[in-house]
Amino acid sequence: MRILAALVTVLAMAALAQPARRSGFDEMAPALRAMQQDDAANPAMLWVAEGEALWRQPAGPANKACADCHGDARASMRGVAARYPAFDAQGSAPIDLAGRIQHCRTDRQGASPWPRESEALLAITAYVGLQSRGLPVAPPDDPRLNAFVAAGEALYRERRGQLDLSCAQCHDANAGRRLAGSVIPQGHPTGYPIYRLEWQGMGSLQRRLRNCMVGVRSEPFAYGAPEYIALELFLMRRAAGMTVETPAVRP
Amino acid sequence: MARVLITLPQAARRGEVIEIRTLIQHLMETGYRPDAQGAVVPRDILRRFSCAYDGVEVFAMQLAPAIAANPYIAFCTVATHSGTLAFTWTGDNGFSQTETRTITVT
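Residue numbers (my numbering), protein chains in the order written: chain G, 302 to 552; chain F, 21 to 126.
Among the hints, erroneous ones may be present.
Here are a few chain F residues that sit away from chain G, every Cβ distance over 10 angstroms (derived from the structure) [claimed, not checked]:
1) Y52
2) D55
3) A72
4) A106
Not the full set, but computed from the structure, chain F residues with beta-carbon under 8 angstroms of chain G [what the hints assert, rightly or not]:
5) R23
6) R41
7) L43
Honestly, the hints are just simulated from the structure, not real lab data. C-beta: ideal position from N, C-alpha, C; glycine also.
Model the full structure from these sequences, guided by the hints.
Here is the structure:
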């Protein structure tokens, strides 16, 4: 009996030491959750509709659409977003989903790439991301990624900017507490690209990371920088097994 | 053309109250915000939304600068007969867009 009680205490302490992972969704008000869960009310679905149109629209001198190679996205893109960032053999570096789409656009379609954070790139990324909604985040088990994951974790734990804060100091040590009126989320990027009310529009994880960097008054990296990809790589490992919510709504 | 999402039942019984929900992609620029140079960004909002059921207006609303971007408008009407619902948004800078959906009433 005493052993059992000791075991229960140890388990309870373990549970305290490692709080359950919570998506930003779990911290939101009921009205906002309802907005995300209802496709007729989620404004991100406007971008998804745009992305669906782009999927079928031929582009570049090859005059090929995404659909000409990949067919129906609902089948061919299922689970794809849950695996990114992945290792890109061509660039010998990890690549995020938006980067992979750009590769397809420039190499296969021969079209000019869309700028990062452009409406078109966000729309097609949201459309591809939607096909993985409800699936668990499944980072690839690729040893070539290990060094980049470590680099991402180092960035996550590095103190930055005039406020001298690391990501971990808020999103691990103080997650669930409040920064002014807002709950500090654990920082699991399960729903990107997101519709953020503060932006009154759609944005990628890189835009969100940039937000935090400016918040601690450090110089943000340029869009598409390898540092962002490394951070995303680490964060997706950290969120492995959580449910993909793309396209999510956040306050 | 702004992208629009309209959710309504395709079929309904006569006399049934149906819910119609609409979303439209629009900036809803308030006209009060300064840009990076300090100049006020001119107002660009939707001013009016209306829904006509076979030509008869069954719902209309005026929109104001305090309404968020990509306005979501939901309302109810009574399904009286099979016909066409026309949704019209009009706004600043000559914005005007009409989308139609049909409904079968039995």
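Task: Hint check against the structure, violated hint numbers in rising order - done: none
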